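Q: Let chain G serve as the given structure and place chain X on it in line with the hints.
There are 2 protein chains.
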Amino acid sequence: MEKPVFYLLPTPIKPGGWETIPDYAIQIYHKIDYFIAENAKTARRFLSEINHPLPQSEITVHNFDKNSGSKDADEYMQPLTQGRSIAYLSEAGSPAIADPGNQLVLWAHRHKVKVKVIPGPISLMLALAGSGLNGQNFHFHGYLPVKSHAFARKIELLQEDSVKRGTTHIFIETPYRAEKTFGELLKVLHPDINLCVARDLTLDAELVLTMPVRDWKKEKTKILAEKPLCVFLFAAAGAGIN
Amino acid sequence: MEKPVFYLLPTPIKPGGWETIPDYAIQIYHKIDYFIAENAKTARRFLSEINHPLPQSEITVHNFDKNSGSKDADEYMQPLTQGRSIAYLSEAGSPAIADPGNQLVLWAHRHKVKVKVIPGPISLMLALAGSGLNGQNFHFHGYLPVKSHAFARKIELLQEDSVKRGTTHIFIETPYRAEKTFGELLKVLHPDINLCVARDLTLDAELVLTMPVRDWKKEKTKILAEKPLCVFLFAAAGAGIN
Numbered sequence: 196m197e198k199p200v201f202y203l204l205p206t207p208i209k210p211g212g213w214e215t216i217p218d219y220a221i222q223i224y225h226k227i228d229y230f231i232a233e234n235a236k237t238a239r240r241f242l243s244e245i246n247h248p249l250p251q252s253e254i255t256v257h258n259f260d261k262n263s264g265s266k267d268a269d270e271y272m273q274p275l276t277q278g279r280s281i282a283y284l285s286e287a288g289s290p291a292i293a294d295p296g297n298q299l300v301l302w303a304h305r306h307k308v309k310v311k312v313i314p315g316p317i318s319l320m321l322a323l324a325g326s327g328l329n330g331q332n333f334h335f336h337g338y339l340p341v342k343s344h345a346f347a348r349k350i351e352l353l354q355e356d357s358v359k360r361g362t363t364h365i366f367i368e369t370p371y372r373a374e375k376t377f378g379e380l381l382k383v384l385h386p387d388i389n390l391c392v393a394r395d396l397t398l399d400a401e402l403v404l405t406m407p408v409r410d411w412k413k414e415k416t417k418i419l420a421e422k423p424l425c426v427f428l429f430a431a432a433g434a435g436i437n
Numbered sequence: 196m197e198k199p200v201f202y203l204l205p206t207p208i209k210p211g212g213w214e215t216i217p218d219y220a221i222q223i224y225h226k227i228d229y230f231i232a233e234n235a236k237t238a239r240r241f242l243s244e245i246n247h248p249l250p251q252s253e254i255t256v257h258n259f260d261k262n263s264g265s266k267d268a269d270e271y272m273q274p275l276t277q278g279r280s281i282a283y284l285s286e287a288g289s290p291a292i293a294d295p296g297n298q299l300v301l302w303a304h305r306h307k308v309k310v311k312v313i314p315g316p317i318s319l320m321l322a323l324a325g326s327g328l329n330g331q332n333f334h335f336h337g338y339l340p341v342k343s344h345a346f347a348r349k350i351e352l353l354q355e356d357s358v359k360r361g362t363t364h365i366f367i368e369t370p371y372r373a374e375k376t377f378g379e380l381l382k383v384l385h386p387d388i389n390l391c392v393a394r395d396l397t398l399d400a401e402l403v404l405t406m407p408v409r410d411w412k413k414e415k416t417k418i419l420a421e422k423p424l425c426v427f428l429f430a431a432a433g434a435g436i437n
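For the record, the sequence lines run as chains G and X. Taking my numbering, the leading residue of the first sequence gets 196, the next gets one more, and so forth. Taking my numbering, the leading residue of the second sequence gets 196, the next gets one more, and so forth.
Extracted from the complex, chain G is given alone in its bound form (with noise of 0.2 Å):
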């Protein structure tokens, strides 16, 4: 019997963008019949997208979000203690990485089940890439403190770390906070800073766009309104370049 597997299979950034996901993925979903998945709705019509060779019917799907615990965890993960392989996906991107999967893959190791993760779209990676800011020394925050008070000290914080350490600092902000969080960047930083702004990675609409702060304050672009999830990135002039 071969040992069995649990996969961290990847879904596109994009709606519908299968174009993005390599094909071996795919072979991989379509020999899968058992997903545990952070929205099980959405799962479901990925595998009708990609035209999974079996019936809905004969397809489990678990759904495993941020309301779920280590119970859901042992319950869904049994079959692979029977030697069936299983798969995790997210809603969007490569799994396990901004999402509640990662419970799952300790799972995983402590019961000394082989964990594969298949490549695909990460947006803070494309980000980070796009950016064109230290790639060699750079930290992910996931997001920052609402408030604007906590909020600027961080900033000033990360951005003392950047000038001594030269690392780039990546958060996300919600679609709805992106403008007003961009405003007080702008406020916060010094202007010799490299800011990066990006959204909608993958999809038409892309934007990955890097100045110094000085010179988005000249542009006053309203760029960010009614936009998906954006990605803010800063570096000290100077960072990560030989």
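It is worth saying that the hints were derived from the structure and are not from the lab. Keep in mind that a hint or two might mislead.
Where chains are identical, the list cannot tell them apart; a pair therefore holds if satisfied intra-copy or between any two copies.
[What the hints assert, rightly or not] Cross-link-like lysine to any residue pairs, in silico, SDA-like; alpha carbons within 25 Å at most: (1) 209 to 402; (2) 209 to 225; (3) 413 to 308; (4) 359 to 345; (5) 307 to 409; (6) 375 to 331; (7) 226 to 395; (8) 226 to 402; (9) 209 to 221; (10) 309 to 377; (11) 412 to 356; (12) 359 to 332; (13) 342 to 332; (14) 226 to 399; (15) 209 to 331; (16) 266 to 404; (17) 359 to 339; (18) 266 to 361; (19) 413 to 298; (20) 198 to 410; (21) 307 to 260; (22) 307 to 278; (23) 309 to 331; (24) 349 to 359; (25) 261 to 286; (26) 209 to 235; (27) 412 to 298; (28) 198 to 276.
From a predicted model like this one, the values you see are computed outputs, not experimental measurements.
A: Then chain X, alone, in the frame of chain G:
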């Protein structure tokens, strides 16, 4: 005239492993006849592996490595100012993260040239997803100090940060130092810390394994000898778990 684009194109981590690269990346490769590469020789081999429609003599490939500077960037990027799209590729995996390509990307931003990143495999992110460690707050450090004392001090600081803030710390190590570094890590880290070792991502020999330091000490497996670049990740137990 269509606006020129500066593409960042992925290459496989696994030699010849083009199945890990999405098809639309190959289609873009085929449309481009002017490349800048971390290693021009490897790049020409890549173009031949993916059956670029033009003969090598009609394709330009400039070498841009860690010894290149802003004068080279100025020269090689010129075609973009004349409306010609060009592409950059690294020696293995997704470009402009752990290679000198970011200088070219900054050049493009300064000259208002559109930058487009095509997704591909990234060792450190495959390692992070496969580790099960906190992906909502992580810091990639590139290489850590080589000298034992400085290394131990740095690891102590990072460990303290992980216990306080839940950060996952990630660093890479060259093959010939990996075993020694692994031994030193086991000495310095607290037994409760979750440590992940990852190497050969996307290759047949792929390894991604996470255990508390306590368990790694029991195993005493010599898993690292004579293997390629190693990715080490660690985080405090419970970091990133809801």
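Q: Checking against the hints above, which ones are violated?
A: Of the numbered hints, all hold.
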